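Q: Sequence:
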Amino acid sequence: MEDELLMHTLHTLPSSVKKFWRKRYDIFSKYDEGIYMTSELWYSITPECTAKFTAKLMKELLDNHLNKDEYKVIDLCCGGGGNTIQFAKEFERVIAIDINPINVRCTLHNAAIYNVEDKIEPITGDWNEIHQQFHNIDFIYCSPPWGGPSYKVKGEKFDVYTMEPLNLDRLISSIIPITRNMAFCLPRNTNLEQLKELSEIYSLGLRVIKVKEYGRVISLVVIFGDIAQVKFQYNSDLQSDLQ
Numbered sequence: 606m607e608d609e610l611l612m613h614t615l616h617t618l619p620s621s622v623k624k625f626w627r628k629r630y631d632i633f634s635k636y637d638e639g640i641y642m643t644s645e646l647w648y649s650i651t652p653e654c655t656a657k658f659t660a661k662l663m664k665e666l667l668d669n670h671l672n673k674d675e676y677k678v679i680d681l682c683c684g685g686g687g688n689t690i691q692f693a694k695e696f697e698r699v700i701a702i703d704i705n706p707i708n709v710r711c712t713l714h715n716a717a718i719y720n721v722e723d724k725i726e727p728i729t730g731d732w733n734e735i736h737q738q739f740h741n742i743d744f745i746y747c748s749p750p751w752g753g754p755s756y757k758v759k760g761e762k763f764d765v766y767t768m769e770p771l772n773l774d775r776l777i778s779s780i781i782p783i784t785r786n787m788a789f790c791l792p793r794n795t796n797l798e799q800l801k802e803l804s805e806i807y808s809l810g811l812r813v814i815k816v817k818e819y820g821r822v823i824s825l826v827v828i829f830g831d832i833a834q835v836k837f838q839y840n841s842d843l844q845s846d847l848q
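Using our numbering, the first residue of the sequence shown is number 606, and each one after it goes up by one.
I should point out that these hints are in silico values taken from the structure, not numbers from a laboratory. Quick caveat, the model's predicted, so the values are computed rather than measured. Do not take every clue at face value.
Calculated pairs, DSS-like style, for lysine-lysine (alpha carbon to alpha carbon, straight line, at most 25 Å) [said to hold, decoys possible]:
1) K624 / K724
2) K815 / K836
3) K801 / K817
Label pairs and their in silico Cβ distance ranges [what the hints assert, rightly or not]:
4) D637 / E609: 18 to 26 Å
5) N741 / Y819: 16 to 24 Å
6) W751 / S778: 35 to 43 Å
Even glycine gets a Cβ: it sits at the ideal position worked out from N, Cα and C.
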C-alpha cells in the first residue's frame, strides 16, 4: 500500500514478519542508516552477503567471457534493491525493474544509502509487457517470487513451470532475444531435471550453484547461457552442484 510504513523498529514491525527482525543486518548491513522495506520485502530481499557474492561471481564470469570495459545489466524483480545495490558496485549501469512502484522507490532510497544510486536506472512495469523494449543488454539477473511466506521447503521438488506470476520457461523465452546470459535465484529444492530440460530446449549452457549462509544451503543461483561454461574461482560459500 502507498501509505505503508517503510522504516521500522521491532515494535512497529507487523507480527507476521517480526521473526525476521534479528536478520536485519544480514539483509542490509546499513539497516540503521534508514533502510526502506515493506512487509513483503522483509522476507524476500536477498541477504547482503549472498547478493555481494552473486554480483562478484557474475562480474567474473562476464569478464572471462566478454572482457568489456563496461556492462549493461538488468536486475529483474529488484524488490528492495538487495541485488541491485551489489550489482551497481560491480557494474557501470544497472536497470532495476519491478512491477511494484513501492519496491522501486525502496530500491532507489536504499541505493542512495550505499552511494550507488547514480548507476541505477529505475523502471516500474510488468516484464511481460515491457521486455521487448530492451536491447544490447549483457546480462539479466532475476530473483522471481517463489510464493511468499506460504513457500515451504518440504520433501517435494519446487516446480519451475508452475512458479507464479513468472514461471521460468516464460522468463527464459522472453530474455533470450535480449541476451543469452542470464541467472536466477531459485529455491534450494528446485527440480534440477526441469532445469536440464530447459537448457536443452533453449540450447543454453547450464550451471547450478548452491548458495550457503552460515553453513546451510539457502538458495540456488541458476546460470544459463555462454557464461555458464566459464570457469571461476570458487568461494567457500558457493558450491557447484550441476555442470
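Q: Against which earlier hints does the structure fall short, listed by number upward?
A: Hints 1, 5, 6 not satisfied by this model.
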